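Work the whole structure out from these sequences, hints included.
Next come the chains, spelled out residue by residue.
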Amino acid sequence: MIHVEGLTRTYGGFTAVDDISFVAQPGRVTGFLGPNGAGKTTTMRIMVGLTPPSRGRVTIGGHLYHDIPNPGRHVGVLLDASAQHAGRSGREILTIGARTMGLPDARVDEMLALVSLSPEESKRRLRNYSLGMKQRLGIAHALLGDPSVLILDEPANGLDPAGIRWMRGLLKGYADRGGTVLLSSHLLHEVEMIADEMILIGRGKIVAQGDKKTLLERGGAPSSLVTSLDNGALAAVLQGKGFVVGSAGEGLKVEAPAAEVGRAALEAGVVLTDLRFGGAGLEDLFLELTSDTQREGLNEGASA
Amino acid sequence: MSMTLDVSGTAQIPFSRLVSVELRKTADTRAGRWLLGAIVGVTALFMIIFFFVADANERIFGNFIGIASTPQGFLLPVLGILLVTSEWSQRTAMVTFALAPSRTKVIAAKTSAALILGVAAFAAAIVTASLATLLGGASGGFEGLSATVVLLFLAMQLLTVLQGLAYGLILLNTPAAIVTFFVLPIASGIIFLLVPFLRDIAPWLDLGTAQQPLFDSFGGDSALTGEEYAQLATTSLIWIVVPFMAGWARVMRAEVK
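Chains as they are written, first to last, in our numbering: chain A, 1 to 304; chain B, 1001 to 1257.
The hints are simulated quantities; they were obtained by calculation from the structure and are not laboratory data.
Each hint should be verified, as a subset may be incorrect.
[What the hints assert, rightly or not] Pairs of lysine-lysine, DSBU-like flavour, derived with a Cα cap of 30 Å:
#1 Lys205(A) / Lys1257(B)
#2 Lys123(A) / Lys1257(B)
#3 Lys134(A) / Lys1257(B)
#4 Lys241(A) / Lys253(A)
#5 Lys253(A) / Lys213(A)
#6 Lys253(A) / Lys1105(B)
#7 Lys205(A) / Lys241(A)
#8 Lys241(A) / Lys212(A)
#9 Lys172(A) / Lys213(A)
Model, not experiment: these values are computed from the prediction.
Set out below in structure tokens:
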């Protein structure tokens, strides 16, 4: 539904976005993942016509954004929840959006209820909102026109854990009804939990894309986190099987799939109290793929 | 789950809707309401003061209008400036242009909104000046009043609003645009007054000098000559129309952040 084709944006000699192509499909949540400054925001701004591309193009449902009549009715956009007038109330911000799109004012109340902003909160000025409240308002603004495509830049930023869970459910439901969702984040954990499809970007280039399973297969052996009543015995058995074992908090981190750890525990007769996917596979992959684009990498290079 | 978006059933956003949204934006913040209130309040205050300090024979319609034009000429352009620059200082331009990608339409809507408020302020000034003249004016307070003078007054107010918009569009920064709007005419006036070589051509190049006969005509002085009209047109072109077009061009190309 969102089609990015050979998109490039340069600023003088600096290439912010370097010949990227990808598709965000309807019915799926596509995560756009990369470290700060990787080009995620620039790409999203080009999508909605705020920044002109140097080369390439983006179509949404086959149209250039500029050619979509009353675009708020088709594409919901949240680029920066703080980019609203600090002196306007939340309700007024939504009212302006609704009026522009030609929607009844009742839609404002519906959206406020959807994102759980109370009538009292909606009358407060934006400058008195927490970041989490601004994000909720921004999501309400993006959903005002009942669009079939959502473009959200760092929507989970500033939300508390309950807020993130709420947003996950909201976007999941939205995609299940056939909507297209593209959301960016610099936090792997956030995207991992919510996205069906992931696009990894580093220094303006796409370094990997695919669903979580595909990406994990690229990332090599998964790891597991395990806690048992006898960690020492368990570690000995696992090491005996040739797995790398390290300590992690009260338990162990094992470079092996959970099934292998479970089997070892069964054989050793050790009672497990916790066994789960270490998740590091994807994180390692993410860091590895973007390593030459990470700021930390530069520091290591300097100190070495 | 088709890959294409059917937009055939969606109408374009009508221009009138954009204008009404822009009008709403002038009054939906505390700062905006203060500014609108100040325009009304200060105009009324100026007229009341003039009413009591002026000699009876000076209380003519033209003078009342002239008094009203001073605060309005200062404050209405600020309204125009804010309508443009607050989108950048508050970063709402990102939202505005995402909802209405045609920047031409948005700028035209902002211009229309500012001009509508200018006309409303003008109408209010006419009504108040008429009342003041009727209530306590000199006998024959409406004498020598022509439709031309009234229309010129309106045209000048609207041009001043456009001037504010123009500096807002060029600078896209509230303090810079406001300072430029107030300081530039003063600086220009001083330069044209002090440099002998420039003094002779000042009416053709300095907006303030060219507008002086217009102010005088409100007070009952003779109507403008053809040359004075030409000078008004030339200076308006230099100081208002050209900056407005330049500012417009800037916004068309600007990256919205």
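Between Lys241(A) and Lys253(A), does the CA-CA distance stay at or below 30 Å? 15 Å, holds
For the pair supplied as a hint, Lys134(A) and Lys1257(B), is the alpha-carbon distance within the 30 Å limit? 18 Å, holds
Proposed proximity, Lys213(A) with Lys172(A) (alpha carbon, max 30 Å): 18 Å, holds
Within a Cα-Cα threshold of 30 Å, do Lys241(A) and Lys212(A) meet the stated pairing? 28 Å, holds
Pair hint outcome, Lys205(A) versus Lys241(A) [Cα-Cα no greater than 30 Å]: 40 Å, violated
Please work out if Lys253(A) and Lys1105(B) have their alpha carbons no farther apart than 30 Å. 60 Å, violated
Check the hint pairing Lys253(A) with Lys213(A) against an upper bound of 30 Å on the C-alpha distance. 21 Å, holds
Quickly compare the C-alpha distance for Lys123(A) and Lys1257(B) to 30 Å and report which way the hint goes. Distance of about 27 Å is within 30 Å: holds.
Next pair to validate is Lys205(A) with Lys1257(B); report whether the Cα-Cα distance is within 30 Å. 22 Å, holds
The structure fails hints 6 and 7 (numbered hints given earlier, in ascending order).
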